[in-house]
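Here are the chains, one letter per residue:
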Amino acid sequence: MGWFKRLKDGIQTATRNKKDTPEGLWYKCKRCKETSTVKELKDNYFKCPQCNFHVRITSYDYFGLIFDGQYEELFENMVSKDFLEFKDLKPYTERLKSAKDKTGLKDAIAVAQGKVNRRPLVIAAMDFKFIGGSMGSVVGEKIAKAIDHCIEQRVPFLMISKSGGARMMESAFSLMQMAKTSAKLSQMASAKIPYFSLMTDPTTGGVTASFAMLGDINFAEPEALIGFAGPRVIKETIKKELPDGFQTSEFLLEHGFLDFIVDRKDLKETLSDLLYFFEKPPANPAVENA
Amino acid sequence: MVFLEFEKPLESLYEQLEKIQQVGSEGDIDVTEMARELENRIKNKRKEIYSNLTGWQKVQLSRHPERPYTLYYIQQMCRKFIELHGDRYYADDKAIVGGLGSLDGQTVVIIGHQKGVNTKMRQYRNFGMANPEGYRKALRLMKLAERFGYPVVTLIDTPGAFPGLEAEERGQAEAIARNLFEMAQLKVPVVCAVIGEGASGGAIGIGLGDRVYMLENTWYSVISPESCSSILWRSWDYKEQAAEALKLTADHMYEFGIIDGIIKEPLGGAHTAPEEMAKLLKRQIKKAIAEVQDMTPEERIEARIEKYAKIGVYEEEARTNS
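Chains as they are written, first to last, in UniProt numbering: chain A, 1 to 290; chain B, 1 to 322.
There's no promise every hint is true.
Stated by the list, open to error - SDA-like, lysine to any residue: derived pairs with alpha carbons at most 25 Å apart:
#  : chain 1 : residue 1 : chain 2 : residue 2
1  : A       : K81       : B       : D260
2  : B       : K120      : B       : G86
3  : A       : K239      : B       : F127
4  : A       : K239      : B       : G116
5  : A       : K239      : B       : K143
6  : A       : K90       : B       : E317
7  : A       : K129      : B       : S227
8  : B       : K279      : B       : Y50
9  : B       : K94       : A       : D148
10 : A       : K102      : A       : Q187
11 : A       : K81       : B       : E306
12 : B       : K187      : A       : Y195
13 : B       : K45       : B       : V2
14 : B       : K143      : A       : C29
15 : B       : K187      : B       : Y89
16 : B       : K45       : B       : I258
17 : B       : K310      : A       : D148
18 : A       : K239      : B       : R122
19 : B       : K94       : A       : Y195
20 : A       : K129      : B       : P9
21 : A       : K28       : A       : N44
22 : B       : K19       : B       : R63
What the hints assert, rightly or not - Covered stretches of chain B (chain A as the covering partner; in silico rule of three or more C-beta atoms under 8 Å from a C-beta of chain A):
#  : region
23 : 161-174
24 : 308-318
It is worth saying that the hints were derived from the structure and are not from the lab.
For clarity, every value in this text was computed on a predicted model and none was experimentally measured.
Think of the CB as a built atom: it goes at the ideal place given N, C-alpha and C, for glycine as much as any other residue.
Model the full assembly from the supplied sequences, consistent with the hints where possible.
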């Protein structure tokens, strides 16, 4: 028996006393807890160099990874408006302002046109940091405008989803964006413009139940959470633990809702191949008359 | 009779009326005068209560246990009806019903969420919460309607699509998304009405149409007030506030241009005079079909998509150089 007895076990540092790693220099992986430099992370397509965990990145990071250098942002000045004067614990206007200040973004989506190995592509990519990547009027309208643009210019469309679902603070208006985006996609399908839907972590709720699931090609990054209802809600409903790997990309692939899963390192080449296959084939009278 | 919380003043009046009538039936005291007066008071009280309902009170009314559901309306509106079952892939969902019906000689395909009328049936109908096969059955019936040129009528009444493990495995999100995509392109007229609860993706999953109506005491929202309260207020106790903040009533939806009209309910709610309610609903559905029937399919589809494309409020920010 020692003189001193350890009364409390485990980590005793209060959250507020925890020492954060300084931002911008080091990256500590959420999954394997290993540390690497931000440069290493960036050079590895924003994946953990140790365990290949795909870190959540911004729309602009995706543009940088996919486009051949230059790209042009479209419809960049659209911002959300608190037309319902929605107030919960905080007014929506305040949430919008703090999201803008914190992220430097205008809303939860950015649209850009550029080239992928010299083939044109329009990308709409969502930003989770902006109110959970939630879909309100701006997200819906930018997707609708992007689709119109693609139909007009006859350019393929890539949607990169990363969202908790519809934005509650826009109530029925956000719900209607599901109808709006799906209806616009049906127009693009009639115009025979290819639509690729990439789901990233997380893609849930009204976003999954509208444009995310409607790709001519549906694919996802590894281990992303993808589903309709959130895991917590399902757990409360069925009152059972959820099985391992439930609602992951791999789970969706297994159940037939994805065409494939792509590692971020191969994203650009995969898209390049898709664009090759979906490029308008040279006219072949023999086939057309058949 | 079931009285909701805000109807309590009515309940005591009804109790008095019952007592008086009992006294009248027992003895020789003439109670007709008193009964008439009480009936008048009930009528006035009801008017008073119902002319000023809050969002939350309408939510409660939309869930009134005696409220008529889809199959009741179908039975009242259609002289003939054949229910059709199954999605042809997996199962027959009991929370969405549908089939061929005749509206005064006009054949239509009617589809709607169905809730149960008693405890046992509520379970059987899964409380009106559909699984993917429900949405796929709905789509199969819509495609049937399209092939034979029949208008599609959908009746919406759901607390949401079912958030279950198997629903996810079978692609709840895909089923709803597919319906939205396909409904946008249906060549036949599509008329929808919210007859009770219009909650989120589960509601809009059969709710995209040329004309969309709401009964007076129903609601339509991206989330139920309870869930909204639990997420944004981090407590279940703010459902009244959430109902107000969501601006989910028929009046709001009409004002926002999200729906095309409100169908008045009998005073006291649809359940107080269900037959009359069914007549009013039928009249509006027939009128709506007539309004869009003469357009060509291409015109109708374009107008339908344009209608949804216009929904949304945002601002253009002046370009700033920073």
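Going through the hints against the structure:
1. Straight-line distance between C-alpha atoms of A/K81 and B/D260 comes to about 24 Å, which keeps the hinted pair within the 25 Å bound.
2. The hinted pair formed by B/K120 and B/G86 meets the criterion: a straight-line CA distance of about 21 Å does not exceed 25 Å.
3. Straight-line distance between C-alpha atoms of A/K239 and B/F127 comes to about 17 Å, which keeps the hinted pair within the 25 Å bound.
4. Restraint check for A/K239 and B/G116: the C-alpha separation of about 23 Å stays at or below 25 Å, so the hint holds.
5. Taking the CA atoms of A/K239 and B/K143, the gap is about 37 Å. The hint is violated against a cut of 25 Å.
6. In summary, the hint linking A/K90 to B/E317 is supported, as the alpha carbons are separated by about 23 Å, within the 25 Å threshold.
7. This hinted pair checks out: A/K129 and B/S227 have alpha carbons roughly 22 Å apart, not beyond 25 Å.
8. About 21 Å separates the Cα atoms of B/K279 and B/Y50, which keeps this hinted pair within 25 Å; it holds.
9. At most 25 Å may separate the alpha-carbon atoms for a hinted pair to count; B/K94 and A/D148 exceed this at roughly 39 Å.
10. For the given pair, A/K102 sits about 36 Å from A/Q187 by alpha-carbon distance, which is inconsistent with the 25 Å threshold.
11. The hinted pair formed by A/K81 and B/E306 meets the criterion: a straight-line CA distance of about 22 Å does not exceed 25 Å.
12. Straight-line distance between C-alpha atoms of B/K187 and A/Y195 comes to about 23 Å, which keeps the hinted pair within the 25 Å bound.
13. Our distance criterion of 25 Å between C-alpha atoms is met by B/K45 and B/V2, whose separation comes to about 17 Å.
14. Taking the CA atoms of B/K143 and A/C29, the gap is about 49 Å. The hint is violated against a cut of 25 Å.
15. At roughly 24 Å between alpha-carbon atoms, B/K187 and B/Y89 fall within 25 Å of each other, so this suggested pair holds.
16. In summary, the hint linking B/K45 to B/I258 is not supported, as the alpha carbons are separated by about 32 Å, beyond the 25 Å threshold.
17. Distance hint between B/K310 and A/D148 is fulfilled; the C-alpha atoms sit about 13 Å from each other, no more than 25 Å.
18. Between A/K239 and B/R122 the CA atoms are separated by roughly 19 Å; this keeps the pair inside 25 Å, and the hint holds.
19. For the hint linking B/K94 to A/Y195, the alpha-carbon distance of about 34 Å lies beyond 25 Å, and the restraint is violated.
20. At most 25 Å may separate the alpha-carbon atoms for a hinted pair to count; A/K129 and B/P9 exceed this at roughly 49 Å.
21. Taking the CA atoms of A/K28 and A/N44, the gap is near 14 Å; set against the 25 Å cutoff, the hint holds.
22. Note on B/K19 and B/R63: the hinted pairing is violated, with a Cα-Cα distance of about 29 Å set against a maximum of 25 Å.
23. Given as covered by chain A, the region 161-174 of chain B passes the check, having 13 residues with a CB less than 8 Å from a CB of that chain where 3 are the minimum.
24. Counting residues of the region 308-318 of chain B whose beta carbon lies closer than 8 Å to any beta carbon of chain A gives 10, which meets the minimum of three for the stated coverage.
Figure legend: structure checked against the earlier numbered hints; hints not met, in rising order: 5, 9, 10, 14, 16, 19, 20, 22.
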